[in-house]
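One line per chain: the protein sequences are A and B, in this order.
Each step along the first sequence adds one to the number in my numbering, with nothing skipped, and position 274 is 274.
Numbers given in my numbering equal positions in the second sequence, counted from 1, plus 1000.
To be clear, the hints were calculated from the coordinates, so they are not data collected in a lab.
The reader is advised that the hints may include incorrect statements.
[Said to hold, decoys possible] DMTMM-like, lysine to aspartate or glutamate: derived pairs with alpha carbons at most 25 Å apart: (1) 200(A) / 1183(B); (2) 339(A) / 1223(B); (3) 285(A) / 106(A); (4) 1135(B) / 153(A).
What you are looking at is a predicted structure, and each value in this text was computed from that prediction instead of being measured.
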Amino acid sequence: MKNQKGFVFCLTLLLVLSLLAACSQPAATAPASTDPAAPASSPQIAYPEKPKDLTILFGAGSASDVVARRLTDLVTKDIGQTIVANNRVGGGGAVGYQHVLSTDPDGYNIVWNSTSISTTYHQGNMPADQGIEAFAGIANITLESAALAVGPDAPYQTIAEFVAYCQEHPGEVTVANSGIGSFNHLVAAALENAAGISVKHIPMDAKQSTTALLGGQVDAICNMTFDIVQQEQAGQIKTLAVVSEERHALLPEVPTLKESGYDVTIMMYRGIAAPKGTPAEVISKLETAFLAAANSEDFQSFAAQYGVEVKPMGAAEFDLYMAEQDQEVADLMETLGIKTQ
Amino acid sequence: MLEQLGQALTIAITAENFFFMAIGTVLGIVFAAIPGLTFSTALILFLPMTFGITPIAAISVMLGIFCGGMTGGSISAVLLGIPGTPSAAATVIDGFVLAKNGQGGKALGTAVYASVFGGIVSVLIMICVAPLIAKVALTFGPAELFMLVLFGLSTVVGLSEGNMLKALIACLMGLLFTTVGMDPVVGLQRFTFHFAPLMSGIGIMPVMIGAFAFPEIINTFLEYKKDKGYKEKNIESSVKAAFPDNKEKKRLLPLNIEASLMGTVIGAIPGGGGPVAAFLGYSLAKSKNPRCGSGELEGVAWPETANNAVTGGAMITLLTLGIPADSAAAIILGVFLIHGVVPGPMLFQDNGPMIYALFISMLIINVMVLVFQFFGMKLFVKVLNLPKINLLAVILSVTVVGAYATHVSFTDITIMFLIGLLAWFMKRHQFPVIPLILGLVLGGEIERNLRIALLLSGGSLNFFLHSVVSVLFLALSLLMLLSPILKPQIARLFGGKK
């Protein structure tokens, strides 16, 4: 009996210790993010001395995951800086962002970030002091567009017909996108605003929404173009419009929303960011490495297969771009009434 | 077609391709056998290594991992009582009892036999009627998926271990755990207390490892401490790996076919997947042989047949529609795309020979699983001859690594310990643990699909009766749930007449 108690005690101790270990991480966050001007004191920083950890915010196997892994592969192989990619999934990206912000700003923990840096924050899923200002951009890598598609037998076969149909049937047309506050939802909502229509948003991931469209359970889908291309090329669905400044390379006959008269051009950007306070020297080393990989022919052709546009930007330009996109997302979410901070 | 088949044979049957298939199969088995490392982990780890090889070799490695992995999960399920993958959770019930009774080798042999059977039948179904199955999969909207998962949940009846009330409580606890994390519709936090790691919810892997491993570990250590001269029950040399004999094969055959068909269809439905198929397979076994749960081969064979049949099913939706039905298929889709092959309706026209080569590869991989497991089994069963106390000390450290590995999260380790203690208390008070796992595995899907179905129907519940599929599964679920009440009544009715 005595031994039994001893054992339970040990187990409880182990438990408490692991709890402490788990809780100590977020506690380290505050100084990292509130001290943006941490100076790089020593003139020569030996960097990198150990492998870097790249947080991927989405599940293994998704398009953005595979592209990120290819990129890290190239950086590791050609530039001699070892990077290990880890999927930290959850909270629409919040889990991964908070993990990275909880680490020291020394350049060993970076994140494959995207527009979700703004959506998760403004939706209220990040602490108040962990908005866009808590991050330092390293380089933008890609831009991805969303697209709107309907079934092949739908009564509307152009974007104008679709809008007209929605105006006649307000609130009836079902549009599947990835759920409230997601990028695809913002795109669909932006179209609603621009065209003065109202649709019913159905939260479904890309695979379920495609199945549901083919099976006739929803009227339209708003997904990343990458998730639509195959079905469109096979003639199983009809893509009404892509959302970007220019037409998509893989779907040259599909118009953009902008040229159809609806001024919606918001695109999903993806790049590399670190916690603010990372020494400028380290950032510039990372910037050089990632830009070289992004500009390589290898990566360009790889991204092309995925229907992803490669758009490298340096750290300074990326910081400005992120801030600009953050404002756009914030304004949009404000009008939708889902912005909490 | 014949010409294409000829071309396909020359693509598939090359030394290089065999080499890569073998590597994939071994990797799949090994990764799945270690609790915490699943075949999805193996797929993603080895994805970058397929960049430099030919498309068919790359896909062969991946398919090897997928098919080998579906089988490998049963090894630790049978021998250690910890499922290596979520799909093997149902295998623990009878497999571990068999192992405790000194029949671990037979249970393992049956699992391998059933797995390969399910795998091969599903590939054959895929070759013959892929477009048909794909059409069936498309009829599953959110409402139908909700009903299917509800049916899966109703199998709790078969997992009650004699106490329905406690089984239902355990199942509800599992469902409750799935409410932690992000709301699937409005994207806001629930029960996370603004603690970021909880936003990804309570993971299946840490809970499964904790719930299955810890009661055993704690009890063994307690027993060991209680009497100083703790003696191992000597079961040495009684454990031999063995496939089921001809009589048993005959007994298992008709339902193996049934389970294969079911597994293939469920595998083809996006959102279906291995765990649902395995639990439904188990309830099928239980309905045919009520002694399941006390160490019957059926209880091992059918879940294993069904979860391996999922591999063929998942490939059907991937190849014909270009839609990945589960996370493993999503990663394999990535491999296709990297090598410039776009799965979907155009695939059979554009890449005919390659697709037939892929079918042939899948058949060969299943044969390889059989061969590797046959030799591997002899090695694996040796585990049962180790002193249990030493073995469990090792398992304790493996569980920590396993819980951490899935999401690289320390919180998952904490969750594993907490659930481990909870499961130990549950066991002490005769609460079955498997219903909790069932609730946890299916809870997310059931909630999401119910809420989407309600959104689509505008809040009206009449979607229950909208389609034949919904009504069918609703009726099956009701039948399943009421069976403990109805069975004695019917028996009495018939008994009275006689």
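Tested hints:
1. Restraint check for residue 200(A) and residue 1183(B): satisfied, since their Cα atoms lie roughly 18 Å apart, inside the 25 Å limit.
2. Between residue 339(A) and residue 1223(B), the direct Cα distance comes to roughly 57 Å. Violation of the 25 Å bound is thereby established for this hinted pair.
3. Of the supplied pair hints, the one linking residue 285(A) and residue 106(A) holds, its CA atoms being roughly 12 Å apart against a limit of 25 Å.
4. Note on residue 1135(B) and residue 153(A): the hinted pairing holds, with a Cα-Cα distance of about 17 Å set against a maximum of 25 Å.
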